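**Student:** Chains as they are written, first to last, in UniProt numbering: chain A, 1 to 200; chain U, 1 to 200.
Everything labelled a hint here was simulated from the structure, so no lab data went into it.
Take these hints with a grain of salt, some might be off.
You can't tell identical chains apart in this list, so a pair holds if it fits in one copy or across any two.
What the hints assert, rightly or not - Under the rule of at most 25 Å between Cα atoms (straight-line distance), these lysine to any residue pairs were calculated in the SDA-like manner: (1) 46 with 31; (2) 46 with 32; (3) 40 with 12; (4) 46 with 28; (5) 46 with 36.
All values derive from a computational prediction rather than experimental measurement.
There are 2 protein chains.
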Amino acid sequence: MTGTRGRPRNPEADRAILRAALDLFVEGGVEGTSIEQIAKRAGVGKLTVYRRWDSKEAVLAAAIESARDEIPETAPTDVADVPVATLIRQLLPGLAEAIAEPRLRAMIARVFGASVSHPELMATYWENYVLPRRRITRALLERAQAEGTLAADADLDVLIDMMVGAVLFRLVQPEPLDAAGARAYLESVYRSAGLLGGPE
Amino acid sequence: MTGTRGRPRNPEADRAILRAALDLFVEGGVEGTSIEQIAKRAGVGKLTVYRRWDSKEAVLAAAIESARDEIPETAPTDVADVPVATLIRQLLPGLAEAIAEPRLRAMIARVFGASVSHPELMATYWENYVLPRRRITRALLERAQAEGTLAADADLDVLIDMMVGAVLFRLVQPEPLDAAGARAYLESVYRSAGLLGGPE
Numbered sequence: 001m002t003g004t005r006g007r008p009r010n011p012e013a014d015r016a017i018l019r020a021a022l023d024l025f026v027e028g029g030v031e032g033t034s035i036e037q038i039a040k041r042a043g044v045g046k047l048t049v050y051r052r053w054d055s056k057e058a059v060l061a062a063a064i065e066s067a068r069d070e071i072p073e074t075a076p077t078d079v080a081d082v083p084v085a086t087l088i089r090q091l092l093p094g095l096a097e098a099i100a101e102p103r104l105r106a107m108i109a110r111v112f113g114a115s116v117s118h119p120e121l122m123a124t125y126w127e128n129y130v131l132p133r134r135r136i137t138r139a140l141l142e143r144a145q146a147e148g149t150l151a152a153d154a155d156l157d158v159l160i161d162m163m164v165g166a167v168l169f170r171l172v173q174p175e176p177l178d179a180a181g182a183r184a185y186l187e188s189v190y191r192s193a194g195l196l197g198g199p200e
Numbered sequence: 001m002t003g004t005r006g007r008p009r010n011p012e013a014d015r016a017i018l019r020a021a022l023d024l025f026v027e028g029g030v031e032g033t034s035i036e037q038i039a040k041r042a043g044v045g046k047l048t049v050y051r052r053w054d055s056k057e058a059v060l061a062a063a064i065e066s067a068r069d070e071i072p073e074t075a076p077t078d079v080a081d082v083p084v085a086t087l088i089r090q091l092l093p094g095l096a097e098a099i100a101e102p103r104l105r106a107m108i109a110r111v112f113g114a115s116v117s118h119p120e121l122m123a124t125y126w127e128n129y130v131l132p133r134r135r136i137t138r139a140l141l142e143r144a145q146a147e148g149t150l151a152a153d154a155d156l157d158v159l160i161d162m163m164v165g166a167v168l169f170r171l172v173q174p175e176p177l178d179a180a181g182a183r184a185y186l187e188s189v190y191r192s193a194g195l196l197g198g199p200e
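Throw the hints in and build the complete structure from the sequences for me.
**Tutor:** Below is the structure:
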């Protein structure tokens with residue numbers, strides 16, 4: 001990771017810094033965040049932050065990276081015998097809970113907002129959150145094609161954008177979804193993409 | 001509109017203020033914008049701004065509203081005899097040009113970024129940009145259902161989210177689209193939604 005200096009000397013301070021950085025980013029975006037505020041909220045001196053990272057952007061990228069485990073996987077990888085529709089139905093509740101989480105929603109909105117002025121933050125998000133899930137989803141769609149539930153000539157990259165994009169777009173719309181609403185919404189997205197077939 | 005005071009006394013100053021506000025918003029988001037900066041860039045005094053709007057958020061909402069004509073309509077409304085696929089093919093070049101425009105891309109990213117901390121800006125964007133186009137798109141999808149190219153039980157709201165969401169998501173991804181790429185992308189989105197049928 002660029003912008004990181006040396007080995008962590010104090011993992012506990014690092015965790016407090018990353019947590020404070022992510023909170024400030026969620027509250028005020030890149031422009032509403034400063035190294036001073038991060039240090040203050042983490043309860044450390046500015047030098048402690050600068051000893052590890054050389055800019056607020058570098059701290060924010062590390063903070064975004066460190067939060068990646070808060071989103072569940074979009075698909076298990078080792079269940080080749082289970083039909084895709086069944087797999088998706090198993091994943092729905094966990095995914096719905098994750099996307100109904102206000103903090104995740106806020107972080108995603110902020111990453112999007114920063115995409116133009118700070119493409120390196122979007123790149124970090126992209127590499128840590130989007131690409132791994134995209135690879136798994138692509139494999140799932142290829143299996144659906146093999147099963148015959150999805151057209152053989154479907155544009156898989158665009159279909160993934162449509163599914164993910166719908167959810168991301170819905171998340172920033174007025175009137176947020178609760179977990180039950182998120183589940184119904186996800187189900188309709190997967191069904192519209194041709195991945196769920198008829199009712200269970 | 002909330003936050004606006006009285007009638008415009010100086011339309012030229014108003015235009016300069018709204019333009020400066022939108023530029024600053026695109027460059028630095030809500031948090032990176034202040035009334036002082038807006039006044040300075042517009043070449044007016046702070047009081048001139050405060051005489052018309054009571055907060056930077058109110059100026060930004062008016063600025064977002066004022067830029068709505070920069071996006072072309074997603075569909076003409078008075079061509080009931082033309083098949084949906086033909087209509088969409090006619091609209092594609094203009095839409096592609098609009099979404100390849102860096103300034104529009106940046107504004108959308110910023111509105112999304114502000115959606116959590118400043119829902120009133122998203123509400124302004126929603127009302128002025130999204131809802132009018134959504135109504136037109138919905139009518140188009142209902143015609144496609146009547147024509148039999150779209151399933152009668154399709155979830156139209158989710159389908160609109162998938163089409164719009166894909167484009168918005170693509171706009172903030174690394175490696176921006178040029179006009180030709182945007183056109184190919186839009187075409188694939190409309191085709192994946194079942195609205196274009198086979199090749200022309």
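**Student:** Against this structure, judge whether each hint is valid.
**Tutor:** Going down the list of hints, with the structure as the test:
1. Taking identical chains as interchangeable, the C-alpha atoms of residue 46 and residue 31 lie at most 25 Å apart whether they share a chain (18 Å) or sit on different chains (22 Å).
2. Taking identical chains as interchangeable, the C-alpha atoms of residue 46 and residue 32 lie at most 25 Å apart whether they share a chain (17 Å) or sit on different chains (22 Å).
3. Taking the shortest Cα distances, residue 40 and residue 12 sit within 25 Å of each other inside one copy (15 Å), while across copies they are farther apart (44 Å).
4. Proximity of residue 46 to residue 28 under the C-alpha cut-off of 25 Å is found in both arrangements, the shortest distances being 19 Å within a copy and 24 Å between copies.
5. In the homo-oligomer, the alpha carbons of residue 46 and residue 36 lie at most 25 Å apart inside one protomer (6 Å), although the nearest pairing across protomers, at 29 Å, exceeds that limit.
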